[in-house]
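**Student:** Sequence:
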Amino acid sequence: MDVVIVESPAKAKTINKYLGNNFKVIASFGHVRDLPAKDGSVRPDEDFQMEWEVDKPAQKRLNEIAQAVKAADGLILATDPDREGEAISWHVLEILKQKRVLGQKPVRRVVFNAITKKAVLDAMANPREIDVPLVDAYLARRALDYLVGFTLSPVLWRKLPGARSAGRVQSVALRLVCDRESEIERFVSEEYWQIGAQLQTPRIEDFVARITGFEGEKLTRMSIGNADRANQIRAMLEGASFRAESVEAKPTKRNPGPPFTTSTLQQAASAKLGFSASRTMQVAQRLYEGLDIGGETVGLITYMRTDGVQIAPEAIADARSAIAATFGEKYLPEKPRYYSSKAKNAQEAHEAIRPTGFDRLPRDMERFLDKDQARLYDLIWKRAIASQMASAEIERTTVEILAQNGARHASLRATGSVIRFDGFIGAYVEHRDDSAPAGQSSDDDDDSARLPEIRAGEDLKRLAINASQHFTEPPPRYSEASLIKKMEELGIGRPSTYAATLQTLQDREYIVQDKRKLLPDSKGRLVTAFLHNFFDKYVEYDFTADLEGQLDRISAGELSWKEVLRDFWKDFSSQVDQTKELRVTDVLDALNEELAPLVFPAREDGGEPRTCPRCNSGALSLKLGKFGAFVGCSNYPECGYTRQLGSNLSAEAAGEAVNEPSELGTDPQTGEAITLRSGRFGPYVQRGEGKEAKRSSLPKGWLPSEMDLEKALQLLNLPREVGLHPESGKPILAGLGRYGPFLQHDGAYANLESVDEVFTVGLNRAVTVIAEKKERGGRGARSAPAALATLGEHPTFGGSITVRDGRFGPYVNVGKINATLPKGKDPASVTLEEAIQILNERAEKTGTGTKKPATRKAPAKKAAASRTAKAKPAAKATKAKAPAKATKKKAE
Numbered sequence: 001m002d003v004v005i006v007e008s009p010a011k012a013k014t015i016n017k018y019l020g021n022n023f024k025v026i027a028s029f030g031h032v033r034d035l036p037a038k039d040g041s042v043r044p045d046e047d048f049q050m051e052w053e054v055d056k057p058a059q060k061r062l063n064e065i066a067q068a069v070k071a072a073d074g075l076i077l078a079t080d081p082d083r084e085g086e087a088i089s090w091h092v093l094e095i096l097k098q099k100r101v102l103g104q105k106p107v108r109r110v111v112f113n114a115i116t117k118k119a120v121l122d123a124m125a126n127p128r129e130i131d132v133p134l135v136d137a138y139l140a141r142r143a144l145d146y147l148v149g150f151t152l153s154p155v156l157w158r159k160l161p162g163a164r165s166a167g168r169v170q171s172v173a174l175r176l177v178c179d180r181e182s183e184i185e186r187f188v189s190e191e192y193w194q195i196g197a198q199l200q201t202p203r204i205e206d207f208v209a210r211i212t213g214f215e216g217e218k219l220t221r222m223s224i225g226n227a228d229r230a231n232q233i234r235a236m237l238e239g240a241s242f243r244a245e246s247v248e249a250k251p252t253k254r255n256p257g258p259p260f261t262t263s264t265l266q267q268a269a270s271a272k273l274g275f276s277a278s279r280t281m282q283v284a285q286r287l288y289e290g291l292d293i294g295g296e297t298v299g300l301i302t303y304m305r306t307d308g309v310q311i312a313p314e315a316i317a318d319a320r321s322a323i324a325a326t327f328g329e330k331y332l333p334e335k336p337r338y339y340s341s342k343a344k345n346a347q348e349a350h351e352a353i354r355p356t357g358f359d360r361l362p363r364d365m366e367r368f369l370d371k372d373q374a375r376l377y378d379l380i381w382k383r384a385i386a387s388q389m390a391s392a393e394i395e396r397t398t399v400e401i402l403a404q405n406g407a408r409h410a411s412l413r414a415t416g417s418v419i420r421f422d423g424f425i426g427a428y429v430e431h432r433d434d435s436a437p438a439g440q441s442s443d444d445d446d447d448s449a450r451l452p453e454i455r456a457g458e459d460l461k462r463l464a465i466n467a468s469q470h471f472t473e474p475p476p477r478y479s480e481a482s483l484i485k486k487m488e489e490l491g492i493g494r495p496s497t498y499a500a501t502l503q504t505l506q507d508r509e510y511i512v513q514d515k516r517k518l519l520p521d522s523k524g525r526l527v528t529a530f531l532h533n534f535f536d537k538y539v540e541y542d543f544t545a546d547l548e549g550q551l552d553r554i555s556a557g558e559l560s561w562k563e564v565l566r567d568f569w570k571d572f573s574s575q576v577d578q579t580k581e582l583r584v585t586d587v588l589d590a591l592n593e594e595l596a597p598l599v600f601p602a603r604e605d606g607g608e609p610r611t612c613p614r615c616n617s618g619a620l621s622l623k624l625g626k627f628g629a630f631v632g633c634s635n636y637p638e639c640g641y642t643r644q645l646g647s648n649l650s651a652e653a654a655g656e657a658v659n660e661p662s663e664l665g666t667d668p669q670t671g672e673a674i675t676l677r678s679g680r681f682g683p684y685v686q687r688g689e690g691k692e693a694k695r696s697s698l699p700k701g702w703l704p705s706e707m708d709l710e711k712a713l714q715l716l717n718l719p720r721e722v723g724l725h726p727e728s729g730k731p732i733l734a735g736l737g738r739y740g741p742f743l744q745h746d747g748a749y750a751n752l753e754s755v756d757e758v759f760t761v762g763l764n765r766a767v768t769v770i771a772e773k774k775e776r777g778g779r780g781a782r783s784a785p786a787a788l789a790t791l792g793e794h795p796t797f798g799g800s801i802t803v804r805d806g807r808f809g810p811y812v813n814v815g816k817i818n819a820t821l822p823k824g825k826d827p828a829s830v831t832l833e834e835a836i837q838i839l840n841e842r843a844e845k846t847g848t849g850t851k852k853p854a855t856r857k858a859p860a861k862k863a864a865a866s867r868t869a870k871a872k873p874a875a876k877a878t879k880a881k882a883p884a885k886a887t888k889k890k891a892e
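Going by full-length UniProt numbering, the first residue of the sequence shown is number 1, and it counts up by one from there.
In short, the hints are calculated from the structure, not lab data. Each residue gets a CB set at the ideal place from its N, CA and C atoms; glycine is no exception. Among the hints, erroneous ones may be present.
Here are the in silico distance ranges between beta carbons for each label pair [to be verified]:
id: 1; residue 1: Ser573; residue 2: Pro597; range: 27 to 37 Å
id: 2; residue 1: Lys70; residue 2: Pro36; range: 20 to 30 Å
id: 3; residue 1: Glu129; residue 2: Met50; range: 15 to 25 Å
id: 4; residue 1: Ser573; residue 2: Glu721; range: 29 to 39 Å
id: 5; residue 1: Glu721; residue 2: Met1; range: 43 to 53 Å
id: 6; residue 1: Pro36; residue 2: Gly665; range: 32 to 42 Å
id: 7; residue 1: Glu721; residue 2: Asp370; range: 17 to 27 Å
id: 8; residue 1: Arg420; residue 2: Phe471; range: 46 to 56 Å
id: 9; residue 1: Gln837; residue 2: Met50; range: 48 to 58 Å
No more than 27 Å apart at the CA atoms, straight line, and that leaves these computed lysine-lysine pairs for DSS-like [what the hints assert, rightly or not]:
id: 10; residue 1: Lys99; residue 2: Lys56
id: 11; residue 1: Lys823; residue 2: Lys691
id: 12; residue 1: Lys461; residue 2: Lys250
Based on the sequences and whatever the hints tell you, model everything.
**Tutor:** Below, the structure written as structure tokens:
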């Protein structure tokens with residue numbers, strides 16, 4: 001019997017059915033070890049030696065794997081077919097070697113792009129060795145991310161209190177969002193006018209033509225810049241006659257796009273289904289791992305982490321057969337279509353995302369899938385099938401029109417198109433997804449209206465001349481989809497990292513989402529401005545993309561991974577050392593200048609934005625406090641004026657209006673007033689007054705300006721009951737907690753994807769989420785949270801002092817002593833001295849320490865006294881010992 005290692009239990013269950021009794025399939029549950037979150041896990045001075053750590057849950061699984069391998073004939077590593085999958089196989093193999101359970105047993109590596117019986121059996125028949133260059137690329141990427149994070153983050157904490165962390169790719173993605181916000185702030189809107197003529201043919205059919213020239217001058221969109229010019233042209237057209245000068249009908253072809261890659265799938269799912277990037281990957285993972293389809297468990301799509309756009313020859317043949325059977329022979333092109341990626345640094349090693357069987361039509365799969373799975377599968381299926389279909393044949397018509405008014409003349413143009421043969425568009429019409437949000441174009445949309453029959457040389461009747469005023473708009477803020485697209489174009493990050501990168505930025509509160517648009521928070525703006533001024537090279541788009549290119553060359557065996565690390569570390573460590581000489585005033589001067597529109601917004605009275613509105617003599621500037629940055633007056637302490645960073649309140653209102661309750665309405669059930677307020681920890685809603693009042697903080701992404709009675713009641717009525725679990729009969733509750741939106745059932749918790757799901761999740765979806773959480777492993781013995789920072793050695797107890805974020809909030813730790821941080825204390829701002837004081841107070845209070853005096857034997861006299869004491873009544877001895885036991889239990 002051979003042991004087969006895969007990543008997830010769902011995949012293990014499916015593959016075990018394919019392989020039979022001669023194989024034992026075990027899940028590693030993803031990565032089995034990682035770099036400890038502490039200084040020294042990567043040691044540049046020791047040629048980048050890396051220290052790995054196995055957490056408790058992984059240790060248990062590894063012991064199970066080791067026991068199984070010990071009794072097996074061989075080991076087959078079947079983790080995912082990408083860099084991360086290769087790394088997991090390498091980690092498992094290294095640990096098994098350390099445990100000395102392999103002996104001379106054969107070790108094979110197999111990969112499959114789809115979890116179907118054929119794909120798995122084909123992979124088993126074609127094993128290979130572990131791809132060492134791919135593992136090297138993983139090691140290089142992991143070391144780089146660690147070194148940047150653990151070297152830059154402490155610099156931020158020292159020079160920019162309130163900042164959380166910095167990351168190699170994360171910081172560059174944040175810069176994209178912040179740069180776009182700066183563009184919007186600098187944007188100056190320009191006025192322009194558009195003029196259109198509503199005309200009619202002799203056959204009584206209307207259409208609209210746009211002006212393109214006036215008295216010999218060619219007019220573009222911005223040519224008519226004011227109302228006077230617009231009215232002059234309109235007056236001329238209102239007295240003009242119109243004639244069709246030429247009509248040109250030009251046939252064109254529209255070709256289908258390639259199948260989905262990871263990033264294009266995330267973009268399409270965001271635009272058409274409203275999914276976040278992380279939600280898209282969660283649903284795709286289930287479709288890939290396998291679902292029960294009429295008694296057979298099968299993966300419905302190929303591996304969903306890829307930037308390749310090609311599909312396998314056998315899949316192309318399958319698609320062509322399905323096209324002929326489903327749509328007809330005329331929809332089948334003469335030759336198969338082949339695609340190449342235009343993305344920077346794209347790798348073509350993997351297939352694009354496609355169905356594992358094109359004969360599994362979306363409408364036939366719906367009954368086996370939940371709503372989100374069905375919608376995403378439909379999206380993937382129709383994009384993949386369309387990629388191999390015939391081109392659409394479109395006739396585009398352009399009509400040139402002359403307007404004559406005496407000696408004056410103008411030219412106008414009308415355009416339209418007609419689909420003569422729908423081709424690949426037929427796939428979208430046949431399997432159209434009507435849930436696409438309004439305003440979003442689908443692949444089957446055409447880009448211009450159909451024109452009526454117009455003949456060259458015929459006169460046209462004027463019905464109306466319309467002149468409309470417009471203003472140029474700033475570039476739009478990024479959505480998750482457009483940011484992913486931009487990152488891919490620039491070659492920043494990798495498909496498998498996009499969702500995690502965006503989630504990290506939101507978790508750090510560097511960006512927020514508002515109506516699916518990404519806005520930088522003031523913390524994010526500060527971090528980006530700091531890095532741009534003092535670490536500019538490392539947040540440059542080209543530098544980050546070039547580094548990604550080097551990582552790709554490592555995976556191809558063209559570069560040494562340690563050589564890349566040496567070159568990077570030499571310059572990076574030098575840059576970090578230079579920041580030690582930075583003074584806080586240097587940092588503030590740079591930030592004041594770069595963030596002027598944010599820090600010093602225009603005043604309503606038109607006064608100088610940097611003049612203090614309270615004392616009228618001091619200058620406003622950024623100040624850094626233990627809770628982050630704020631705006632303050634230079635005349636402090638004589639003038640105590642302060643303002644939250646980014647506040648656009650008037651000078652008089654700044655500071656006062658923040659705490660003024662705003663009434664939203666009355667609770668229809670209790671009759672109590674519902675108010676919107678702002679407290680120490682941000683905005684919140686409240687029902688009633690006094691100690692008994694119910695309160696609820698606004699979740700991430702909810703803006704005070706958009707709060708109304710309905711939303712406030714939704715928050716105040718949480719947790720809500722979703723329904724009764726069909727198996728246990730106990731209620732499932734949805735609510736918001738310290739760690740975000742959740743489901744709760746029978747004492748167990750499961751995370752929800754978004755805040756909106758708390759109010760919309762149905763019973764079927766809730767049961768599925770709870771089951772998936774249980775399958776992954778619910779709450780068990782908790783391992784210590786990863787250290788956020790290591791501050792130094794404790795002078796008395798010995799051992800490293802670390803800052804951690806636990807279940808009940810942030811705390812500092814040394815040895816077995818845990819001490820909660822004071823309320824409101826930012827863990828990133830804790831100093832070594834503060835931590836020592838907090839730990840000493842905790843140790844004194846509980847009577848504990850990490851170093852205890854050695855136990856000594858009692859002298860003879862004391863021993864005799866002890867024996868005498870034992871002869872006393874037991875009740876008395878118990879009475880004396882009870883408080884000590886209670887104290888010990890409390891301390892633990």
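**Student:** None of the hints should be skipped; say for each whether it holds.
**Tutor:** Verification of the supplied hints:
1. Under the hint 27 to 37 Å, the C-beta atoms of Ser573 and Pro597, about 34 Å apart, fit the expected range.
2. Distance hint for Lys70 and Pro36: a CB-CB separation of about 28 Å, consistent with the stated range 20 to 30 Å.
3. Take Glu129 and Met50: their Cβ atoms lie about 22 Å apart, and the range 15 to 25 Å holds.
4. A hinted range of 29 to 39 Å is violated for the C-beta pair Ser573 and Glu721, which are about 55 Å apart.
5. Checking the proposed 43 to 53 Å range against Glu721 and Met1 shows it holds: the Cβ atoms sit about 48 Å from each other.
6. Remark: the range hint 32 to 42 Å for Pro36 to Gly665 is contradicted by a beta-carbon distance near 52 Å.
7. About 20 Å separates the C-beta atoms of Glu721 and Asp370, a value consistent with the hinted range of 17 to 27 Å.
8. Take Arg420 and Phe471: their Cβ atoms lie about 39 Å apart, and the range 46 to 56 Å is violated.
9. Distance hint for Gln837 and Met50: a CB-CB separation of about 34 Å, inconsistent with the stated range 48 to 58 Å.
10. For the hint linking Lys99 to Lys56, the alpha-carbon distance of about 16 Å falls within 27 Å, and the restraint holds.
11. As the CA atoms of Lys823 and Lys691 are separated by approximately 20 Å, the hinted pair is consistent with the 27 Å bound.
12. A C-alpha spacing of about 25 Å is found between Lys461 and Lys250, which places the hinted pair at or below 27 Å, so the restraint holds.
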